[in-house]
Amino acid sequence: MRLAILGAGDVGRSVAELAGEYGHEVVALADSSDAAIDPYGIDVDGALERKLGDEPVGPDDPTAVFETDYDVLVEATPTTLGDAEPGFTHVKRALEADRHVVLANKGPVAERYEELRALEAESDGSVRFEATVGGAIPVLSTVEDSTPQAVTAVRGVLNGTANFILTRMAAEGLDYEHVLAEAQDLGVAEADPTFDVDGTDAALKFVILANVLAEGGFSLEDATVEGIQDIPGSALDLAAEDGRTIRLIGEASRDGVRVGPRLVPENGALAVTGTRNIVQIETKHAGSLHNSGRGAGGPETATAVLSDVGRLPKR
Amino acid sequence: MADEPAEDEAETDGGVRAYTVRLELVDEPGELLRALAPIADNGGNLLSIHHERGNITPRGHIPVEVDLESPPDRFDDIVEGLRDAGVNVIQAGAEHYGEEISVVLIGHLVENDLSETLSRIEDEADAVVQDLSLAAPDGTDATSSARLRLAIDSGRSDRVFEVVRSIGADKDLTVVEPLLGGEA
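As they're listed, the protein sequences go chains A and B.
Note that my numbering has the first sequence beginning at 1034, numbered continuously upward.
Note that my numbering has the second sequence beginning at 30, numbered continuously upward.
Do not rely on the hints blindly, as some may be mistaken.
[Stated by the list, open to error] Computed footprint of chain B on chain A, listed as stretches where at least three residues anywhere in the stretch have a Cβ under 8 Å from a Cβ of chain B:
{"id": "1", "stretch": "1244-1257"}
{"id": "2", "stretch": "1271-1279"}
[As the list claims (entries may be wrong)] Between beta-carbon pairs, the in silico distance windows are:
{"id": "3", "chain 1": "B", "residue 1": "H79", "chain 2": "A", "residue 2": "A1247", "range": "42 to 48 Å"}
{"id": "4", "chain 1": "B", "residue 1": "Q159", "chain 2": "A", "residue 2": "E1054", "range": "56 to 62 Å"}
{"id": "5", "chain 1": "B", "residue 1": "P101", "chain 2": "A", "residue 2": "E1082", "range": "54 to 60 Å"}
{"id": "6", "chain 1": "B", "residue 1": "Q159", "chain 2": "A", "residue 2": "A1247", "range": "34 to 40 Å"}
{"id": "7", "chain 1": "B", "residue 1": "D105", "chain 2": "A", "residue 2": "A1247", "range": "37 to 43 Å"}
{"id": "8", "chain 1": "A", "residue 1": "E1147", "chain 2": "B", "residue 2": "R51", "range": "54 to 60 Å"}
{"id": "9", "chain 1": "A", "residue 1": "A1097", "chain 2": "B", "residue 2": "P166", "range": "55 to 61 Å"}
{"id": "10", "chain 1": "A", "residue 1": "G1074", "chain 2": "B", "residue 2": "E191", "range": "57 to 63 Å"}
{"id": "11", "chain 1": "A", "residue 1": "E1248", "chain 2": "B", "residue 2": "P101", "range": "34 to 40 Å"}
Please keep in mind that the hints were generated in silico from the structure rather than gathered at the bench.
Using N, Cα and C, we set each Cβ at its ideal position, and we do this for glycine too.
For reference, chain A alone in the conformation it holds in the complex (with noise of 0.2 Å):
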């Protein structure tokens, strides 16, 4: 397939290097101000060189992205809230030309799923965004070959930098403050690490999945959601004296989301440690399934981009 991928972060710019490995070949990429455009396939090489030099990642305008004939549109810009812009009208523009997306963003399947669906019904083209929910773990790949109505729940830890804190935390008897600033120092948490300690992350993935569970209906304001900046060294050691510890879950069914610091068994399924992601899929007919890996980080991410891209129709 030929791939166009708007937005050269991590993710965007991982996607790019591995696509030949996978068989596909990148005829765009883009940032927000420059783009490499070639419908013969784009030196992949040098638009990353230059990117990473700080220099524009080709001489094109990223807005001829969509003039250019590719079968995919990649959209790995970054999650933005509320209307889910420019995400969402990047993906309009792919579908209204039959083309088909894979979604690295987030945004539009969390905040704007119904309108996403209306307009993939009216498209030649199909939506898949493997990659929004836990990076490299197959999680709505399962639930899709489990069928989402026997998926009764899935249940989780899906933010890598929040799980790093609080297992740092509870190792070490140590304060939220010193961990994460420890965690910056590391480069798992961000400078500002808000979206990921206050769960806001975590939440959009779990609004995803319920949003597949229940064909829509979902976005940020439905979930209830609490962070983990409360959560004291001395609730972790309380918390052990019981074979228990604290982590970040989320829950998402056809009922509600829910992210917020909970109780789990120390040597439960659900008390992974480090950046490591879990979830588990509640079935009807076959019991739990877990899925365990890395949630998140450039290779990683485009590998689940390029899974999708590989289960997507011929055009």
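Starting from the known structure of chain A, arrange chain B on it as the hints suggest.
Quick look at chain B alone, frame taken from chain A:
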């Protein structure tokens, strides 16, 4: 995999349940400790022990009630371990202790009258506070944490959490609830 669990058995991927075991012990030093070892050895987690001293069974032994939690598939091993150790097990398993749940409260617990918080939980949620552990590393006028173990009637956990959440909201406390759904 040599031991596939039978289909109707609860799965045990981290899932634990509370059980009550009634034992009969000879009134000799070290007897209680000896009786508890098989529980830990078989992966059980002791929750509480009611040592009914002064309440002698017809055979002249001391009844002891032990609350523990373990994965369902290990509970039989625990009971077997107790019997192998020569401990007289009067009752095991089926006599569920209703339900036990732990919650952690975080905030200005002491300044906001901890004992009133506890009695409100008991009254409004119809629960028994079985155990309380308080940590106030920065002094009682700073943020502290408490872990409560509550005994409740089976099937009432949703209602109990609702009450604890609303008391938490009144007193500006963060409530960390256990994850009960599925096999957390």
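Okay, the hints, checked on the actual structure:
no.: 1; hint: 1244-1257; in the structure: violated (count 0)
no.: 2; hint: 1271-1279; in the structure: holds (count 7)
no.: 3; hint: H79/B / A1247/A: 42 to 48 Å; in the structure: holds, 46 Å
no.: 4; hint: Q159/B / E1054/A: 56 to 62 Å; in the structure: holds, 58 Å
no.: 5; hint: P101/B / E1082/A: 54 to 60 Å; in the structure: holds, 58 Å
no.: 6; hint: Q159/B / A1247/A: 34 to 40 Å; in the structure: holds, 38 Å
no.: 7; hint: D105/B / A1247/A: 37 to 43 Å; in the structure: holds, 40 Å
no.: 8; hint: E1147/A / R51/B: 54 to 60 Å; in the structure: holds, 57 Å
no.: 9; hint: A1097/A / P166/B: 55 to 61 Å; in the structure: holds, 60 Å
no.: 10; hint: G1074/A / E191/B: 57 to 63 Å; in the structure: holds, 59 Å
no.: 11; hint: E1248/A / P101/B: 34 to 40 Å; in the structure: holds, 35 Å
Going down the numbered hints, you'll see the structure goes against just number 1.
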